[in-house]
Amino acid sequence: MMLRGVAHSAKDTFTLLLARSQYHNPGLNFPSVWTEVRKRSFLIHSTYTTDTKSREENKKTIDSLYRLSVDIKKIRRLKEWVLLQDVAYVKEIADILKEMGADETTVANILERCPEAILHTPAEINSQRTLWQLVCQNENQLIKLIEQFPESFFSTQYHENQKANILFFQELGLKNNIITRFLTSAPSIFYNPVEKNKNVIETLQRNYLSLGGSDANMKIWILKLLSQNPFILLNSPTTIQENLEFLQKNDFSDHEVLQLLSKLKGFIFQLTPTTMQKSMLYSKNVFKCSEQELKQLVLKCPALLYYSVPVLEERLEGLLKEGISVAQIRDTPMVLELTTQIVQYRIKKLSALGYDIKSGTLESLNGTKKDFEVNYGTLLATADPTAVTPPATAETLPLTSPTPIEGTDVTAVLVISKLFPPIQATPPIVAPTAPFVTLKRPPVTRESMPGCCCGWSFNEPKGGNNKQINRSAMIKAFSKEKVVRKYFLF
Numbered sequence: 315m316m317l318r319g320v321a322h323s324a325k326d327t328f329t330l331l332l333a334r335s336q337y338h339n340p341g342l343n344f345p346s347v348w349t350e351v352r353k354r355s356f357l358i359h360s361t362y363t364t365d366t367k368s369r370e371e372n373k374k375t376i377d378s379l380y381r382l383s384v385d386i387k388k389i390r391r392l393k394e395w396v397l398l399q400d401v402a403y404v405k406e407i408a409d410i411l412k413e414m415g416a417d418e419t420t421v422a423n424i425l426e427r428c429p430e431a432i433l434h435t436p437a438e439i440n441s442q443r444t445l446w447q448l449v450c451q452n453e454n455q456l457i458k459l460i461e462q463f464p465e466s467f468f469s470t471q472y473h474e475n476q477k478a479n480i481l482f483f484q485e486l487g488l489k490n491n492i493i494t495r496f497l498t499s500a501p502s503i504f505y506n507p508v509e510k511n512k513n514v515i516e517t518l519q520r521n522y523l524s525l526g527g528s529d530a531n532m533k534i535w536i537l538k539l540l541s542q543n544p545f546i547l548l549n550s551p552t553t554i555q556e557n558l559e560f561l562q563k564n565d566f567s568d569h570e571v572l573q574l575l576s577k578l579k580g581f582i583f584q585l586t587p588t589t590m591q592k593s594m595l596y597s598k599n600v601f602k603c604s605e606q607e608l609k610q611l612v613l614k615c616p617a618l619l620y621y622s623v624p625v626l627e628e629r630l631e632g633l634l635k636e637g638i639s640v641a642q643i644r645d646t647p648m649v650l651e652l653t654t655q656i657v658q659y660r661i662k663k664l665s666a667l668g669y670d671i672k673s674g675t676l677e678s679l680n681g682t683k684k685d686f687e688v689n690y691g692t693l694l695a696t697a698d699p700t701a702v703t704p705p706a707t708a709e710t711l712p713l714t715s716p717t718p719i720e721g722t723d724v725t726a727v728l729v730i731s732k733l734f735p736p737i738q739a740t741p742p743i744v745a746p747t748a749p750f751v752t753l754k755r756p757p758v759t760r761e762s763m764p765g766c767c768c769g770w771s772f773n774e775p776k777g778g779n780n781k782q783i784n785r786s787a788m789i790k791a792f793s794k795e796k797v798v799r800k801y802f803l804f
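Numbering of the sequence shown is given in my numbering, commencing with residue 315 and proceeding in unit increments.
One thing to keep in mind: the hints can contain errors.
Taking lysine-lysine and the BS3-like style, the derived pairs with C-alpha atoms no more than 25 Å apart in a straight line are [said to hold, decoys possible]:
1. 374 with 405
2. 538 with 598
3. 533 with 579
4. 614 with 602
5. 592 with 609
6. 592 with 635
7. 388 with 477
8. 602 with 538
9. 579 with 684
10. 477 with 538
11. 579 with 592
12. 579 with 602
13. 579 with 563
14. 477 with 489
15. 489 with 374
16. 663 with 579
17. 387 with 373
18. 510 with 614
19. 684 with 663
20. 393 with 374
21. 373 with 388
22. 662 with 672
23. 662 with 602
24. 609 with 579
25. 672 with 683
Ranges of calculated distance between the beta carbons of each label pair, as one might list FRET restraints [stated by the list, open to error]:
26. 444 with 381: 51 to 57 Å
27. 669 with 532: 54 to 60 Å
28. 451 with 563: 43 to 49 Å
29. 640 with 668: 23 to 29 Å
30. 600 with 683: 22 to 28 Å
What the hints contain is simulated information worked out from the structure, not anything from laboratory work. All values reported here derive from a predicted model rather than from experimental measurement. Positions of the beta carbon are idealized from the N, C-alpha and C atoms, including for glycine.
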């Protein structure tokens, strides 16, 4: 049977990220999201499952899936309960998918990833098909979405809520491509009754106006907030109100509260006043600042409000271990938005250019990966050449060696560079008493390759002493009979 790669759905990706965020940030609170995820999995399973141990697989279902080239072993391993049901609509569901333009491989992929699809009636699937066509450009786009996110499409038990919410989002002004993204990556927001989602939107609109926002900009602000974080709809209006009141009680002005909402993209509503208070108190003690100074730090770096105390402790400790001072972090608190691993990687790259992070600014560490690469490229272009290739010393021979003549053994000049850390060769050779090192290529056998995976051996001239060889001295040489050409990598 042909092997087919399976892409994970955005819903699964979000669930994984959510689990990771809960582990790293116990201050986050997603009760509604977890409730929906658990409820959905349990509802689909409990609707059809009784006692799986005392039941046998439906032979008709097995045969129908086999004819479609579906990997039945995979279904047995992941969702065996589907194969135990008395009634299944394998052929009917496959025919509907083919009508939408799916080929046999696509049909098999869909049924392998979401085998419970065969337990829905053709009428239910056709209704779902009509519903999704409200926001899809054509059936070609629809079948691609189903292949990528089958579980979202086959959640027919929420059909009426999905329909009402799609119409509501269209009335609100969301474009169909955004609604499509919601259906696939955030399907749980469509499981809510439309009245609940309307209440959340109305609460946001009311608070936006009370915080000084204008009617002209309100719609744009709401749509942008939803596009960035649709899961805001899983919060209750009460939670939203409590978190906004907490910020106001801590002397944040209305304009500053709106600024925080925009920077945090609505994720502030997944926090609680208690966790925010603990994070602010921790930052105040670490930076030894006043209430007003703390407020300015939070506005400059909302991560001080968003991340829990354990996360902030871990990241601060990682920075201090690198020799960075608390004063430097206070001047550039945005560096706390980066994980310890990212900080270590960036410091290592900057140090290779001779940049001393302990005495310099931390601005060069900030930003996204793209931002950092741009900054790094600028520093590399303006770096002092002596910081990259130092002057000749006893260990770095000058580049004035005689030019080798074709037909003779080629020699190599060894150059040490700060861009690359030294590595250990086997055997490690550099001959400071002799100007050249001769490279010879022996027959390639297992016995002749103990020191280098490419089969090259290094023969040191007589009278030389062993020393360390640097990565920048690695040479790609190609031989033809007695002619050897060399290429230096600097």
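Results of checking the hints against the structure:
1. 374 with 405: Holds - the C-alpha atoms of residue 405 and residue 374 are around 11 Å apart, at most 25 Å.
2. 538 with 598: violated, 32 Å
3. 533 with 579: holds, 15 Å
4. 614 with 602: Judged against 25 Å, a Cα distance of about 17 Å means the pair holds.
5. 592 with 609: holds, 14 Å
6. 592 with 635: holds, 24 Å
7. 388 with 477: violated, 33 Å
8. 602 with 538: violated, 36 Å
9. 579 with 684: At roughly 21 Å apart (the allowed maximum being 25 Å), residue 684 and residue 579 satisfy the hint.
10. 477 with 538: At roughly 22 Å apart (the allowed maximum being 25 Å), residue 538 and residue 477 satisfy the hint.
11. 579 with 592: Measuring from Cα to Cα gives roughly 21 Å; hence the hint holds.
12. 579 with 602: violated, 28 Å
13. 579 with 563: holds, 21 Å
14. 477 with 489: holds, 15 Å
15. 489 with 374: Distance ~44 Å between residue 489 and residue 374 Cα, so the pair is violated.
16. 663 with 579: It is violated: about 31 Å lies between the C-alpha atoms, which goes past 25 Å.
17. 387 with 373: holds, 14 Å
18. 510 with 614: violated, 34 Å
19. 684 with 663: With Cα atoms ~14 Å apart, residue 684 and residue 663 stay inside 25 Å; holds.
20. 393 with 374: holds, 17 Å
21. 373 with 388: holds, 16 Å
22. 662 with 672: holds, 12 Å
23. 662 with 602: Judged against 25 Å, a Cα distance of about 29 Å means the pair is violated.
24. 609 with 579: holds, 19 Å
25. 672 with 683: Holds. Residue 672 to residue 683 sits at ~21 Å (cutoff 25 Å).
26. 444 with 381: 51 to 57 Å: violated, 28 Å
27. 669 with 532: 54 to 60 Å: violated, 46 Å
28. 451 with 563: 43 to 49 Å: Hint holds: Cβ distance 48 Å, inside 43 to 49 Å.
29. 640 with 668: 23 to 29 Å: holds, 25 Å
30. 600 with 683: 22 to 28 Å: Holds - the Cβ-Cβ distance for residue 600 and residue 683, about 27 Å, lies within 22 to 28 Å.
Figure legend: structure checked against the earlier numbered hints; hints not met, in rising order: 2, 7, 8, 12, 15, 16, 18, 23, 26 and 27.
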